[in-house]
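In order, the protein sequences belong to chains A and B. Under this note's numbering, residue 263 is the last one in the first sequence; the count climbs by one each step, no gaps. Under this note's numbering, residue 136 is the last one in the second sequence; the count climbs by one each step, no gaps.
Honestly, the hints are just simulated from the structure, not real lab data. Errors might be hidden in some of the hints.
[Unchecked claim] Mimicking DSSO-like on lysine-lysine, the simulated pairs with C-alpha atoms at most 30 Å apart in a straight line are:
1) Lys103(B) - Lys240(A)
2) Lys119(B) - Lys240(A)
3) Lys187(A) - Lys119(B)
4) Lys131(B) - Lys142(A)
5) Lys199(A) - Lys119(B)
6) Lys78(B) - Lys240(A)
7) Lys119(A) - Lys78(B)
8) Lys103(B) - Lys199(A)
9) Lys78(B) - Lys136(B)
10) Lys131(B) - Lys199(A)
11) Lys51(B) - Lys240(A)
12) Lys240(A) - Lys56(B)
[Said to hold, decoys possible] Stretches of chain B that chain A covers, calculated by requiring three or more beta carbons in the stretch to come under 8 Å of a beta carbon on chain A:
13) 24–34
14) 58–65
15) 112–120
[Said to hold, decoys possible] Label pairs and their calculated CB-CB ranges:
16) Lys51(B) - Ala164(A): 15 to 23 Å
17) Ala16(B) - Pro208(A): 32 to 40 Å
18) Asn30(A) - Phe48(B): 48 to 56 Å
19) His45(B) - Gly166(A): 26 to 34 Å
20) Asp111(A) - Leu132(B): 50 to 58 Å
21) Gly166(A) - Gln127(B): 31 to 39 Å
22) Arg237(A) - Leu22(B): 33 to 41 Å
Quick reminder that beta carbons are idealized off the backbone N, C-alpha and C, glycines included.
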Amino acid sequence: MINLPQTIATETADAINALIRESDRFRDWNAPEIQTLVRKIEKLQKVDARQSFVLLGSLAAICGNVDDMSENFNKALHLPSVPETTHEYWVALANAGVHGKAQEIGSWLLDPKRGFFPKVWQQAIGMGEVLEVWNRWSDAKKTYPDLSQVDFSTVENAAAIMGAHGLSDQDIASVLDLMGEIQRAHKIMFSGGLVSILKVVRPPEDPPYLYFTIPLDASVGEIHAMNRELARLVVERLSKGAFPQGMTASFVKAEPVALRTAA
Amino acid sequence: MVEPDGLLTQAIALLASAGNELDYRNVIERAYYSAYHAASAFEEHLPFRSKAQPQKGTHEALLQRLERPDTQLDYGLKTISKDVGTQLRMFKAIRELATYELKETIGIHQAEEAILIAKDILAECNQGQRKLKTLK
Chain A
1 MINLPQTIAT
11 ETADAINALI
21 RESDRFRDWN
31 APEIQTLVRK
41 IEKLQKVDAR
51 QSFVLLGSLA
61 AICGNVDDMS
71 ENFNKALHLP
81 SVPETTHEYW
91 VALANAGVHG
101 KAQEIGSWLL
111 DPKRGFFPKV
121 WQQAIGMGEV
131 LEVWNRWSDA
141 KKTYPDLSQV
151 DFSTVENAAA
161 IMGAHGLSDQ
171 DIASVLDLMG
181 EIQRAHKIMF
191 SGGLVSILKV
201 VRPPEDPPYL
211 YFTIPLDASV
221 GEIHAMNREL
231 ARLVVERLSK
241 GAFPQGMTAS
251 FVKAEPVALR
261 TAA
Chain B
1 MVEPDGLLTQ
11 AIALLASAGN
21 ELDYRNVIER
31 AYYSAYHAAS
41 AFEEHLPFRS
51 KAQPQKGTHE
61 ALLQRLERPD
71 TQLDYGLKTI
81 SKDVGTQLRM
91 FKAIRELATY
101 ELKETIGIHQ
111 AEEAILIAKD
121 ILAECNQGQR
131 KLKTLK
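Next up, chain A with everything else stripped away, as it sits in the complex:
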């Protein structure tokens, strides 16, 4: 899960980040620990309305309440500090597993002149914006020379494979959105710092393809059940009743939170 950006460094933001670090499970909006935070945030409203809406939206995201998340962020976006709010909304969308919408916002954030590229590009790839990142890479390196040191070969290879298959970022988001829906139903957020891990697989006899995995802190049985649901939803919901050409995806078991913290 992604911690709230540092731009909202308050006691309440710290409390939300503590919840994120503590467990990868989506929370229950009506749980006492959440409602205590909601009351604190509501008191903030008269002092700093933007921050209040951002915090409520972020909290709704880790409860898997997509509508409440969007409603609060849309209110915050009407107030000053739009770039920061946009970044915070993008983080909340990632945490909630809403990738198609996150890609719309991500395209704006990835424009190097906005100032967010270095802190969002890796996460953007995990959210399926491979071509968007690749297309911005050359300009981003000019703006942020330190990026020249980064090994970008996976993204370059992935972009070439996407071109060969006619695979788009939106195609990837269509699959990741199904996975987000399953995660919210099972109340399990992604584990670790990235929404998904991209691998380029090159089998000797078949064409290369992209493999996205979402790590989960869950039992093998539950992960298998979620992968079965993913297969069913791919058949039922995607336009051709199959994974888009050139990619596949699945949930995988991650190390438990406690082990990751200790490591």
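Please arrange chain B on chain A, whose structure you already have, making use of the hints.
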């Protein structure tokens, strides 16, 4: 002669005594091939076979035929075909990491899930084969 069930039984036995990464990789490979052969046998028996013609690779070819079944096919068989194709595509990625990507860490969890996936695919293919018999 060996049946897909036999490969799965062997994968389960291998997992019971597995103690290192090489064993887990072998479990995944054996379980994958049980699913692959069951899916292949099911697809070969379909009364109308898909015309999907991928550029290369027998595994990719099978996946595409399963995912894009012939439109004349019975609705239930079409659904089974697509579902098996989608599950097998997800399984293929796990198997290809286990077989070809030696730098990847493969653990017991992937091996355990491979058995569960293979069981599901075999069960679905058996259901498809039973449906095929009723149509004859």
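The hints, checked one at a time:
no.	hint	verdict
1	Lys103(B) - Lys240(A)	34 Å, violated
2	Lys119(B) - Lys240(A)	26 Å, holds
3	Lys187(A) - Lys119(B)	26 Å, holds
4	Lys131(B) - Lys142(A)	61 Å, violated
5	Lys199(A) - Lys119(B)	26 Å, holds
6	Lys78(B) - Lys240(A)	13 Å, holds
7	Lys119(A) - Lys78(B)	45 Å, violated
8	Lys103(B) - Lys199(A)	12 Å, holds
9	Lys78(B) - Lys136(B)	16 Å, holds
10	Lys131(B) - Lys199(A)	38 Å, violated
11	Lys51(B) - Lys240(A)	15 Å, holds
12	Lys240(A) - Lys56(B)	21 Å, holds
13	24–34	violated (count 0)
14	58–65	holds (count 3)
15	112–120	holds (count 5)
16	Lys51(B) - Ala164(A): 15 to 23 Å	22 Å, holds
17	Ala16(B) - Pro208(A): 32 to 40 Å	35 Å, holds
18	Asn30(A) - Phe48(B): 48 to 56 Å	53 Å, holds
19	His45(B) - Gly166(A): 26 to 34 Å	32 Å, holds
20	Asp111(A) - Leu132(B): 50 to 58 Å	55 Å, holds
21	Gly166(A) - Gln127(B): 31 to 39 Å	34 Å, holds
22	Arg237(A) - Leu22(B): 33 to 41 Å	39 Å, holds
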